[in-house]
Amino acid sequence: MDWGRVKFFLGEVVRSFTRNKGMQATAIGTVTVTIVLIGSFLIAQASLANVGTQLMRQIEISAYLKDGLSSTTTKNLIAHVKADPRVLSVDYIPKKQGLAELAARTKGSLDLSILTENPLPDKLRIQVRDTAMIPAVAASVHALAGVADVKYGAKVVTRFLQLTNVLHRVALVILGLFVLVAGVIIANTIRLTVFARRREIAIMQLVGATDGAIRLPFIVEGVLSGLLGSLIAIVILAIAHMLLWNRLASALPWVPLNGAAIRPLVLGAQLLGAGALIGAIASWLSVGRYLRT
Amino acid sequence: MDWGRVKFFLGEVVRSFTRNKGMQATAIGTVTVTIVLIGSFLIAQASLANVGTQLMRQIEISAYLKDGLSSTTTKNLIAHVKADPRVLSVDYIPKKQGLAELAARTKGSLDLSILTENPLPDKLRIQVRDTAMIPAVAASVHALAGVADVKYGAKVVTRFLQLTNVLHRVALVILGLFVLVAGVIIANTIRLTVFARRREIAIMQLVGATDGAIRLPFIVEGVLSGLLGSLIAIVILAIAHMLLWNRLASALPWVPLNGAAIRPLVLGAQLLGAGALIGAIASWLSVGRYLRT
Amino acid sequence: MLRKNPFPSMISLRNVSLAYPNGVHALDNVSLEIGKGEFVFLVGHSGTGKTSLLRLLYREIAPHSGEITVDGVRVDKISASRVPILRRRLGVVFQDYKLLVDKTVWENVAFAMQVTGAHTKDILRQVPRALDLVGLAHKSRMYPGELSGGEQQKTAIARALVNNPKLLLCDEPTGNLDPGATTEIMELLGRINIKGTTVMVATHNQGVVDRMRRRVVRMENGRIIADEERGFYHRGLGESQVLSG
Amino acid sequence: MLRKNPFPSMISLRNVSLAYPNGVHALDNVSLEIGKGEFVFLVGHSGTGKTSLLRLLYREIAPHSGEITVDGVRVDKISASRVPILRRRLGVVFQDYKLLVDKTVWENVAFAMQVTGAHTKDILRQVPRALDLVGLAHKSRMYPGELSGGEQQKTAIARALVNNPKLLLCDEPTGNLDPGATTEIMELLGRINIKGTTVMVATHNQGVVDRMRRRVVRMENGRIIADEERGFYHRGLGESQVLSG
Ligand SMILES: Nc1ncnc2c1ncn2[C@@H]1O[C@H](COP(=O)(O)OP(=O)(O)OP(=O)(O)O)[C@@H](O)[C@H]1O
Ligand SMILES: Nc1ncnc2c1ncn2[C@@H]1O[C@H](COP(=O)(O)OP(=O)(O)OP(=O)(O)O)[C@@H](O)[C@H]1O
Ligand SMILES: [Mg+2]
Ligand SMILES: [Mg+2]
Numbered sequence: 001m002d003w004g005r006v007k008f009f010l011g012e013v014v015r016s017f018t019r020n021k022g023m024q025a026t027a028i029g030t031v032t033v034t035i036v037l038i039g040s041f042l043i044a045q046a047s048l049a050n051v052g053t054q055l056m057r058q059i060e061i062s063a064y065l066k067d068g069l070s071s072t073t074t075k076n077l078i079a080h081v082k083a084d085p086r087v088l089s090v091d092y093i094p095k096k097q098g099l100a101e102l103a104a105r106t107k108g109s110l111d112l113s114i115l116t117e118n119p120l121p122d123k124l125r126i127q128v129r130d131t132a133m134i135p136a137v138a139a140s141v142h143a144l145a146g147v148a149d150v151k152y153g154a155k156v157v158t159r160f161l162q163l164t165n166v167l168h169r170v171a172l173v174i175l176g177l178f179v180l181v182a183g184v185i186i187a188n189t190i191r192l193t194v195f196a197r198r199r200e201i202a203i204m205q206l207v208g209a210t211d212g213a214i215r216l217p218f219i220v221e222g223v224l225s226g227l228l229g230s231l232i233a234i235v236i237l238a239i240a241h242m243l244l245w246n247r248l249a250s251a252l253p254w255v256p257l258n259g260a261a262i263r264p265l266v267l268g269a270q271l272l273g274a275g276a277l278i279g280a281i282a283s284w285l286s287v288g289r290y291l292r293t
Numbered sequence: 001m002d003w004g005r006v007k008f009f010l011g012e013v014v015r016s017f018t019r020n021k022g023m024q025a026t027a028i029g030t031v032t033v034t035i036v037l038i039g040s041f042l043i044a045q046a047s048l049a050n051v052g053t054q055l056m057r058q059i060e061i062s063a064y065l066k067d068g069l070s071s072t073t074t075k076n077l078i079a080h081v082k083a084d085p086r087v088l089s090v091d092y093i094p095k096k097q098g099l100a101e102l103a104a105r106t107k108g109s110l111d112l113s114i115l116t117e118n119p120l121p122d123k124l125r126i127q128v129r130d131t132a133m134i135p136a137v138a139a140s141v142h143a144l145a146g147v148a149d150v151k152y153g154a155k156v157v158t159r160f161l162q163l164t165n166v167l168h169r170v171a172l173v174i175l176g177l178f179v180l181v182a183g184v185i186i187a188n189t190i191r192l193t194v195f196a197r198r199r200e201i202a203i204m205q206l207v208g209a210t211d212g213a214i215r216l217p218f219i220v221e222g223v224l225s226g227l228l229g230s231l232i233a234i235v236i237l238a239i240a241h242m243l244l245w246n247r248l249a250s251a252l253p254w255v256p257l258n259g260a261a262i263r264p265l266v267l268g269a270q271l272l273g274a275g276a277l278i279g280a281i282a283s284w285l286s287v288g289r290y291l292r293t
Numbered sequence: 001m002l003r004k005n006p007f008p009s010m011i012s013l014r015n016v017s018l019a020y021p022n023g024v025h026a027l028d029n030v031s032l033e034i035g036k037g038e039f040v041f042l043v044g045h046s047g048t049g050k051t052s053l054l055r056l057l058y059r060e061i062a063p064h065s066g067e068i069t070v071d072g073v074r075v076d077k078i079s080a081s082r083v084p085i086l087r088r089r090l091g092v093v094f095q096d097y098k099l100l101v102d103k104t105v106w107e108n109v110a111f112a113m114q115v116t117g118a119h120t121k122d123i124l125r126q127v128p129r130a131l132d133l134v135g136l137a138h139k140s141r142m143y144p145g146e147l148s149g150g151e152q153q154k155t156a157i158a159r160a161l162v163n164n165p166k167l168l169l170c171d172e173p174t175g176n177l178d179p180g181a182t183t184e185i186m187e188l189l190g191r192i193n194i195k196g197t198t199v200m201v202a203t204h205n206q207g208v209v210d211r212m213r214r215r216v217v218r219m220e221n222g223r224i225i226a227d228e229e230r231g232f233y234h235r236g237l238g239e240s241q242v243l244s245g
Numbered sequence: 001m002l003r004k005n006p007f008p009s010m011i012s013l014r015n016v017s018l019a020y021p022n023g024v025h026a027l028d029n030v031s032l033e034i035g036k037g038e039f040v041f042l043v044g045h046s047g048t049g050k051t052s053l054l055r056l057l058y059r060e061i062a063p064h065s066g067e068i069t070v071d072g073v074r075v076d077k078i079s080a081s082r083v084p085i086l087r088r089r090l091g092v093v094f095q096d097y098k099l100l101v102d103k104t105v106w107e108n109v110a111f112a113m114q115v116t117g118a119h120t121k122d123i124l125r126q127v128p129r130a131l132d133l134v135g136l137a138h139k140s141r142m143y144p145g146e147l148s149g150g151e152q153q154k155t156a157i158a159r160a161l162v163n164n165p166k167l168l169l170c171d172e173p174t175g176n177l178d179p180g181a182t183t184e185i186m187e188l189l190g191r192i193n194i195k196g197t198t199v200m201v202a203t204h205n206q207g208v209v210d211r212m213r214r215r216v217v218r219m220e221n222g223r224i225i226a227d228e229e230r231g232f233y234h235r236g237l238g239e240s241q242v243l244s245g
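Protein chains in written order, with the numbering used here: chain A, 1 to 293; chain B, 1 to 293; chain C, 1 to 245; chain D, 1 to 245.
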C-alpha cells in the first residue's frame, strides 16, 4: 500500500471540492432539494398510510334480523358471522337497546315518548377488517337465513374506495415524477460540472491517464456530494418535522397521523443511500460522455 | 438601423444555441420540468377549488320548531330566516312530510307502521351559502322564538373546516417550495452554463465588449430557453390533461371537478411568461457573477 | 532621469509597481515614456514582467502604485465602465492568443469591430483586409480548434489590426511563426507604424530585434534596466542608451 | 526510397495520410523512419502538418491511411484501452502546453508520474529534479494562471521529461523562451538524447536548428520534402540529403 498514492487520490478529490466550490454547492443543493422532496413524500406516505383505514373503521354493517328468532338461532347466526375471517367484530343489539340509542341520538328532533311499541328490529352491528370488504361481507350476511335486511353507508364506502384508489395512483405518479426529476436534474448538474472540466479531462488522457483513473475522483466526488446533499436534506426534514408535526396533529386532531410509522434511522439511511447512489450514477454517466474523444 | 448588426446579434444567439446543444437541452429540460410541476399544481388547484364547498352543500341545518305554532308565526319565522344574507334557501317541512321522508329513509330498519301518532316536530331545512358559516347561522336561528332545537353535522363541519384550512396552507407551502426549487435549479443550470463559458466572457471583455453587450445574448438565450421549456411543458400538460381528465372524472364521479375553471389560454400565457422571466432573471444574475473580474 | 522624447506622449508610466495577489512582485518602480508613433521592442528573460507591463496598459490589472497614462487617459484611475472604451482604441495581440473558440477566424476578427459598434459595410471591408495582411484569408471559415499554432497566432494578429488602432500592443506575436512569416509580420508592423500607429512588441526573437534596429526597452526582475535607440537584443550594443526612471 | 538508418527503428510511418473532419488534408502520403536514439528537427511553414504528424504518434488522432509504428507498437491499430499505456512511455511537450489549470506546477509534473502508478518516493525525487532542469524549482507551488508564458512552457517541458521517456516529442518547445533559456533547454534535450532518448523537435527557431546541426526533416503542405543529416533550417545546405518515401 503506497500511502502517497492514497494521499494523492484524496488530494484530487479535496481539490476539486474546494477549487470548484460554486459547482459543488450547486450539485449538493440539487441533491438536497431532491432528497427533501422525496423525504417529505415518504414521511407523508408513511404517516398517512392508515388514516383512511382508521377513519373508515367507523363504518359498519347493520344487519336487521327477522322478528321472533329464537335465541339459539340468533346465537348461531352471530357465531356464523364471527367465523368469517374478514369480520373484525359483531355486536348484538336487541331492539330495546336500539331504541334507547335512537332516543339518545335523536333527542330534540324526534319525540319517542309517544311510542307505544318498539318499532325497531333486532340488529347485528358488524365491523369489518378492511373497508374494501364491506360490500362482499354485507352481501354474504344478507344471504343468511334469519337476516331481514342489511344496510351500510354504501355511498360513503364506494366513494372512499374510489378515492383511495385514485389517491394511491396519484401518489405513485408523483413519486415517479420526483425520482425522474431528481435524476434529470442531478445528471444535468453533474454533466455541466464535467462539461466545465472537459479540457482537463482531455489533458489527463493525453498525459496517459486511464479512463478509470479519470473517472474515480469524479465518482467519489459525486458520492460525497450526494451524501452531503442528503445529510443537509435530512437535517432540514428533521427540523421541519419537529416544527410542524405537533401543529399539524393539533390542527387536525381527528386525523390519526401515524407518527410511529416513521422510523428515523431507517429513513435516514435510505435517504443517505439514495443520495450517494444518485451522485455515483450521475458522475459515472456524465464523465463517460467526455471520455470518448 | 444597421441590419448587419441585428444579424450579427441573432447569429450570436443562434450560435450558442446550436454550438452548446447539450447545455441548452439541460436548461430547457429543467425549465420544462419546473413548469410541468407548477402547471399541474395550478390546474389541480383550479379544478379542485370548489370541490370541498360543493361536497359540503349537502350539509344543512335542521331547525326543529316548537309544537303548535300558528301558521302566521311560522311564516314570519321562515321569512326572518330567509332574510339572513348568509342563508341560501329555507324549506319548511311539516311533521307529516318529515315522517314520510323518515319512513322512506329507514325502510327495513324501522317499522313506522306501528306509530299511532307522529313523533316528529315541524322542521326548517336551511342551506347556507358557505360551509364556514354553518355554526354562526345555526346559533342565530336557535336564538329565534319558536325554534325548539337546531341540529347540524357539527362534527363533519368542524372537521371539514379544519381540513380545508390545513390543506390550504399545505398547498401554499408546496407551491412556494416548487417556485423556490425551480428558481434554485434554473439559476444553477444557467450559472453552470455561464461558468463553462467564463473564459469566453473574459476574452470578450479584453477585446472591449461592454458588460451589457456580453449580457444581452445570454439573456436572450435565457428567455428563449425559458420560452421553449415552457412551451414543451404546456404541450406535455395538454396531452396529460387530455389523457387523464376523463379517466379521473369517471373514476371519481361524485367529485365535482371544475374543468371550466381552467382557462387554457390564460394558463398557457402565464406559464410562458413564467418560463421567460425565469430564464431572463437567471441569465442576468449568472452572467453578472463572471463580469466582475 | 527621463528619456527625452521627440514625440508627444502615447504611453507614460511613472513609478509603477505591481504585486500579484499571490505575493509576486511583478513590476518594481517602473517609469517609461513612449511617444506617439514610436516603435518599441520590450525584451527580457521569461517571467521578468513584460506581459505584466502590457496588461497594465489595457487595464487587465491595476497597478499597486504609480501613475499610468495611455493616450491621455489615466488608466490607473479609470472607472470600470470606461475600460471597454479604452480597450477598443487599442489593438492587443495576447501571448496566449485568447481566441473565442466557438467563433470562426472571420468572426473572431469581426468581433473586435462589432464591439465598437462599427457599421456592417466597414466590417465587411476591413475583416478580409486584415486576414489578407496576415495571410489567413483562406482559413476564415475555420474555428480556432481547427488551426495550427501559427495560424491561431495570425488570427490574433489580424484581430489586433482590424480596428486600425492608434496603439498596438503585441506580446510575443511570432513565437509560433516560421522565420518567413515572422519577417512578413514584422514588416507589416513596420508599415503600420509608418502610417502613424504606435507599436510596442514584447519578444524573445533576437533575430527580429537585431535586424530591425528599433528602440529596445530591456527589463529584468520587474525593472527596466536599459532603454536604447536603435538597440540590439543583447545589451549595450545600441546607440544613445538612456536609463529611464 | 527509404532513408538508410544505422539505428533500430523507434518511429516508422509508411504512406501515412491524414484528413481532418473539416476536409483539410493535413498529411499526404508521409513516410519516415526514425531510429532509436536519434535527434530530429521537424521544420516547415505554419500549418504544414508538423503538429498533426506528432499527434499521430501519441495517437491523439488516427491516420486516414498508412501504417504507424512507435517503439514496436502499431499505433494506427492500437485499441483504445492501450492508448494510455503508449502515452506513458512517451514524453510530449504540447505546442499549447496543455497544463491542468487547477494543479500547481509541482502537481502538473507529478501528475504525469502518478498516472503511471509511480511510487511516491520516486515522485518526490524525480519531480524536483525535472523542475530544476528547466529552472522552475522556485515556482513549483504556483498555478499555471500565475505563470508567465515562458514559465508555463518550462512546466510543460518538465512534465514531458519527468518520466525519463524513451521518446520525447517536443512541439515548438521554445516559442516563448528567451534565447538564453532556449539554448539551455536545447542543450538539455541534447544531453537527454545522448543518454539514449529519441528526441523529435518541431520548431521554427532557425538559430537553434542551424547551431545544433542535427537531422532535419522538412515538411511542406503535408508532405516531407527534405530529410537531411546535419541539416540547416533552410533547405539544401545540409549533408547527405535523402528524400524519404
Ligand atoms: N496572474 C498572475 N498571478 C500571479 N503571478 C503572476 C501572474 N502573472 C504573472 N505572474 C508572475 O509575475 C512575473 C512576471 O510575469 P510576466 O507574465 O509579466 O512575465 P513575462 O516577462 O511576460 O515572461 P514571458 O517572457 O515568459 O512571457 C512572473 O514571475 C510570473 O510568475
Ligand atoms: N483539429 C483540426 N481540425 C481541422 N483542421 C486542422 C486541425 N488541426 C490542424 N488542422 C489543419 O491542418 C493543417 C496542419 O496543421 P498543423 O497543426 O499540423 O500545422 P503545424 O505544422 O503544426 O503548424 P504550426 O507551425 O503553425 O504549428 C493546417 O492547415 C490546419 O489548419
Ligand atoms: Mg509574457
Ligand atoms: Mg504546430
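Wrong hints could be hidden among the right ones.
Simulated pairs of lysine-lysine, BS3-like, Cα-Cα distance not exceeding 25 angstroms [stated by the list, open to error]: (1) 107(A) / 7(B); (2) 139(C) / 7(B); (3) 107(A) / 107(B); (4) 98(C) / 139(D); (5) 139(C) / 139(D).
Worth flagging that the hints you see were computed from the coordinates, not collected in a lab.
The hints, checked one at a time:
Taking the CA atoms of residue 107(A) and residue 7(B), the gap is about 85 angstroms. The hint is violated against a cut of 25 angstroms. Our distance criterion of 25 angstroms between C-alpha atoms is met by residue 139(C) and residue 7(B), whose separation comes to about 22 angstroms. Distance check on the hinted pair: residue 107(A) and residue 107(B) sit about 21 angstroms apart at the alpha-carbon level, within 25 angstroms; holds. Pair hint residue 98(C) plus residue 139(D) holds up; C-alpha atoms about 24 angstroms apart against a cutoff of 25 angstroms.
Taking the CA atoms of residue 139(C) and residue 139(D), the gap is near 38 angstroms; set against the 25 angstroms cutoff, the hint is violated.
Going down the numbered hints, you'll see the structure goes against 1, 5, while the others check out.
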